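Protein chains: 2
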Amino acid sequence: MKIRNLQRVEKRNAYPRGKAKGVSLRVAIAEEDGAQDLTMRIYEVDPGGYTPLHSHPWEHALFVVRGSGKILDGKNERRFERNDVLFIPADEKHQIKNNGEENLVVVSVIPIQEE
Amino acid sequence: MKIRNLQRVEKRNAYPRGKAKGVSLRVAIAEEDGAQDLTMRIYEVDPGGYTPLHSHPWEHALFVVRGSGKILDGKNERRFERNDVLFIPADEKHQIKNNGEENLVVVSVIPIQEE
Numbered sequence: 069m070k071i072r073n074l075q076r077v078e079k080r081n082a083y084p085r086g087k088a089k090g091v092s093l094r095v096a097i098a099e100e101d102g103a104q105d106l107t108m109r110i111y112e113v114d115p116g117g118y119t120p121l122h123s124h125p126w127e128h129a130l131f132v133v134r135g136s137g138k139i140l141d142g143k144n145e146r147r148f149e150r151n152d153v154l155f156i157p158a159d160e161k162h163q164i165k166n167n168g169e170e171n172l173v174v175v176s177v178i179p180i181q182e183e
Numbered sequence: 069m070k071i072r073n074l075q076r077v078e079k080r081n082a083y084p085r086g087k088a089k090g091v092s093l094r095v096a097i098a099e100e101d102g103a104q105d106l107t108m109r110i111y112e113v114d115p116g117g118y119t120p121l122h123s124h125p126w127e128h129a130l131f132v133v134r135g136s137g138k139i140l141d142g143k144n145e146r147r148f149e150r151n152d153v154l155f156i157p158a159d160e161k162h163q164i165k166n167n168g169e170e171n172l173v174v175v176s177v178i179p180i181q182e183e
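Top to bottom, those sequences are chains A and F. No gaps in the numbering here: position 103 of the first sequence is 171 in the working numbering, and each next residue is one more. No gaps in the numbering here: position 42 of the second sequence is 110 in the working numbering, and each next residue is one more.
Hints listed in this document are in silico derivations from the structure and should not be mistaken for laboratory results. Note that the structure is a prediction, hence the values are computed from the model and not measured. A couple of the hints might just be wrong.
Note: identical chains are not told apart, hence a pair may lie in one copy or across any two.
[Said to hold, decoys possible] In silico BS3-like cross-links for lysine-lysine, where the CA-CA straight-line distance does not exceed 27 Å:
#1 K89 x K161
#2 K70 x K165
#3 K87 x K70
#4 K70 x K138
#5 K165 x K143
#6 K70 x K143
#7 K70 x K89
#8 K161 x K70
#9 K165 x K138
Input sequences plus hints: build the corresponding full structure.
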């Protein structure tokens, strides 16, 4: 079993410059921990920050720990807030923006991809 | 994409009576939502409550949203608190106890089992 506090996990930029703004991540659980089926990352988005509009061939489960924001798919947008759960099926476009006044903190879990 | 607030998800007892105390769960993301690889549940443990000491053949990722407690494997115990991440490999025994004074709220993600 592994236990680690978020504050002790290195925080780094989540996306290449220019593609996103004010998004960092901490890798909380990964293959190096012995995980075989899923990984957990914690994303933080500054007020005014956003991820790229992107998609990937794996599904994506999110839990909003702090703050609020909106999620866009290129056509529509929906608001979310603390204690919301978001599920994004594989290959669905999504972009997250923090249009609130405090940092947005989101727990993100994805399956480990089989080769 | 699905978004739901925890408060709107039905809360139910997590374990049969006698095996645990004061543990409830909300199923936040499941196969009915189109999930193919992972499910997310939110557990709540009352002060003084505990899960059974148990194991299962799938790995288990946890994020502590609120409160604190301890996790036991039948021999040792370790403390955890808010903003801690816990990883329990497949088949490893674990029991969670809330020995704090506020409700313990934990996001739990497990892989969907292949038949």
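We went through each hint and held it up to the structure:
Taking the shortest alpha-carbon separations for K89 and K161, only the intra-copy value of 18 Å comes in at or below 27 Å, while the best inter-copy value is 42 Å. Proximity of K70 and K165 under a CA criterion of 27 Å is satisfied inter-copy only: 17 Å between copies versus 31 Å inside one chain copy. When the C-alpha separation of K87 and K70 is checked against a cutoff of 27 Å, the pair qualifies only between copies, where the shortest distance is 25 Å, while the shortest distance within a copy is 33 Å. In the homo-oligomer, the alpha carbons of K70 and K138 lie at most 27 Å apart only across protomers (13 Å), although the nearest pairing inside one protomer, at 32 Å, exceeds that limit.
For the homomeric pair K165 and K143, the shortest alpha-carbon distance inside one copy (14 Å) is at most 27 Å, but the shortest distance between copies (45 Å) is not. Taking identical chains as interchangeable, the C-alpha atoms of K70 and K143 lie at most 27 Å apart only when they sit on different chains, with a minimum of 15 Å there against 41 Å within one chain. In the homo-oligomer, the alpha carbons of K70 and K89 lie at most 27 Å apart only across protomers (24 Å), although the nearest pairing inside one protomer, at 31 Å, exceeds that limit. Taking the closest pair of Cα atoms, K161 and K70 come within 27 Å of each other only across two copies (13 Å); inside a single copy the shortest separation is 33 Å, beyond that limit.
For the identical chains of this complex, K165 and K138 are intra-copy neighbours only, at 5 Å inside a copy versus 35 Å across copies, given an alpha-carbon limit of 27 Å.
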